[in-house]
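The listed protein sequences correspond, in order, to chains U and R.
Quick note, the first sequence lines up with residues 6 to 396 if you use the working numbering.
Quick note, the second sequence lines up with residues 317 to 705 if you use the working numbering.
Hints should not be assumed to be uniformly reliable.
[What the hints assert, rightly or not] In silico contact screen, one side only, chain R against chain U (beta carbon under 10 Å); selected entries:
| hint | residue |
| --- | --- |
| 1 | 324 |
| 2 | 414 |
| 3 | 429 |
| 4 | 488 |
| 5 | 508 |
| 6 | 602 |
| 7 | 632 |
| 8 | 658 |
It is worth saying that the hints were derived from the structure and are not from the lab.
C-beta: ideal position from N, C-alpha, C; glycine also.
Each chain is listed here by its residues.
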Amino acid sequence: MKKVLAIVLTVAMVLALTACGGGTGKASGGDVVKIGVYEPQSGDNGAGGKQEILGMQYANSVQPTVKIGGKEYKVELVYADNESSNDKAVSAASQLIGAGCSVILGSYGSGVSIAASDTFLEAGIPAIGVTCTNPQVTEGNSHYFRICFLDPFQGTVMANFAKATFGAKTAYCLGQLGNDYDQGLINYFKQAAEALGMKVTTEAFPEGNSDFTSYLTNAKNAGADVIFAPCSTSYAQLIIEQSATQGVSIPLLAGDTWDSNVILNAAAGKNLDIEVSTFYQEGANADFESSFKAWINGDSTNLANNGGNDTLAAVSVMGYDAYFTALAAMEKAGSIAAADIMKALPDTTYTGITGEIKFDATGDAERDSAVIKKVNTKDAAWEFVAVQGVN
Amino acid sequence: MLTEKKDKTGLFIGAVCLAVLYVFLILLDNVIPQNSFTLLLVPVLKKGAIYSLVCVSMNLLNGFTGLFSLGQAGFMMLGGYAYAIFSIPKDQHAAVYQYFDGGLIQFSIPEALSNVLGESAGAIIGSIICIMIAGIVAAAFAALIGIPVLRLKSDYLAIATLGFAEILRAIFQWSGLGPITNGSNLLRKYTSLSAIKIGSLKLATFFPFFIAGISIALIVLLINSSYGRAFKAIRDDEIAAEAMGINLFRHKMLSFVISSFFAGVGGALLAMFQTTIQATPFKSAMTYELLLIVVIGGIGSISGSCIGAFLFIACNEWWLRFLDNGSFMGMSVPFFRDGFRKVVFSVIIMVIVLFFSKGIMGDREISFAGLARRIRGSKPSGGKEAPAK
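Chain U with its partners taken away, still in its complex shape (with noise of 0.2 Å):
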């Protein structure tokens, strides 16, 4: 029996190797260059990554290859999936960094990033964050950028929102305990409320947590005019169905994370007023969408990758501009040597879908505006509201 174990275990390694081997022989040499996607394909941030790596995949396929240097490349990604979880980080981001990488794109969810940083800082390969928003993922870092805004300008954003929009006066915070990407952002709204003459609670759930009736009593016995709740959809799903059947009406806000159509399907048909801050809205360009929605209707892999239908999420569209500064940065350096396109990332500028790309001197992106959006429950669809700055 131990002999049989042993041997299936052998040829399990060899098998395994020689398929290693093959799939990094088989790409390297030529005129390729590769960029290096990592996002999580699985665990909790499974569904957003999927959505981010969807638009780095549709802008590939829209321009597969770069000229860099008079030379035409074609464009390669390669994956890795880092599992949102930091302790797969490291082996996620030295397959990439074996792979040969010349950039990295990535990472949905900023802890993941963070986790990887040092080890992409040392192989000296440059990294650019696509909706990772804590500041700590580019604060003393010369090889992170980013190009999203960040967790204090989102908190900022939400609190000047429900103060002129709803008047409130008392607002309610609910985040999961032990989630840095909640407790962040939640600490910038709470201290931007405080500013603004708000009254606000703070309250943190289990992991695991699915019955969120008593969080919602004590936001309505606290006088909430809003209930701020930047959690992970999954959560997200669970605080929508139960304020319904609570007929809990107070309006709920929530960050990027919320904008996903599973908020949508969630909220279809409810009386409730869910508004969250965003990237991008829907219907700012036209003729971008339409042919977005039908390179994902074409495949049913990609399909089942955005949730089920071919509504856009902002993250996809964060990751078809991450691809194209890439791309601008690549040109830029003019050449595909990660220490090249290190050294011509900050000055690297690309307008985008979003917006303007521009690096400041930490690396990140400079955004002086967030686009918010409320669900309109009857169709179960965005609604455009305002652009909101922090002043």
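Chain R: place on chain U using the hints.
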């Protein structure tokens, strides 16, 4: 007389294998050029060494003392946090504890030592001190918890330790403790494995093997001592052990505290490897993963736990990754896509647990004395060849 000679040969072969391994690791870090193969090999080796240590420490408790405890992830978390908190450089505090005014503990042991001893010596000695602190913190908590918990038996002990680990995680994430644990946020910028070097000689892969090697050697010595025999006696029959004059509670406590100490050391090494640490991954799933490795390797076998740890990590993070890529040996296989790896992995685990319930090694060990006999051409022993760790 004859046995003594054999043992010495075995010890000699073991020492040579270990030396060869260590030299190879140092070469891997410094001389051997990086390519796609070594880039994947190195993280697997590092993490494998760390998991080996944690699994051996779990085996000490579950396999050798017969205490079915599921608190290992909690103790690793304690160790990892203790390590990180004491080694974040002073000027990074404001950035790391961004929501908590720079945190409460405003010094870093490796940094303080670097100022006195120079950068590399400071980083090495400082991180070793922090690793010791990590172990001691985990052991201290184990001693406290052990008093009520170790009076329970079998399933009850498992439930109590599991509950303890979960409670501990929730406490660490509580924002009230934020100035120390950084609440729900990551701890980062502390002394990581890449800072461990002498001059330009990088020891990033060697270091976890070195610490894990020493720790596992200590556990082996403990198991082969009179304490170890007492542990095994308790495992086999508590009443008989007590009748033989073994103080049950004292020995159980000893095993629990020592096991937790090394789990803490393992947690500190994991923190060094990951370069960031957060309480979220240290949930019960991690303990089950460790338990799985112990079962695959063989309950009651140190070498089994080590082999199991390397196999598990390599399969999980490397060998089975091709299942997600959509192609196999150049051929395109449509159902090889994201998530398929997890399915295959689960099936392999089920097969092992169902049909090889004793694991790879059962309760036997790799014996270098047996290997020496085989080389000399006498009767072969049952031991399977594997790296000396």
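Each hint tested on the structure:
1. 324: 29 Å, violated
2. 414: 7 Å, holds
3. 429: 21 Å, violated
4. 488: Holds, because the Cβ-Cβ distance from residue 488/R to chain U comes to roughly 8 Å (cut-off 10 Å).
5. 508: With a minimum Cβ separation of about 7 Å from chain U (threshold 10 Å), the hint on residue 508/R holds.
6. 602: 8 Å, holds
7. 632: 8 Å, holds
8. 658: Because about 7 Å separates residue 658/R from the closest Cβ in chain U, which is inside the 10 Å limit, the hint holds.
In this structure, the hints that do not hold are numbers 1, 3, in rising order.
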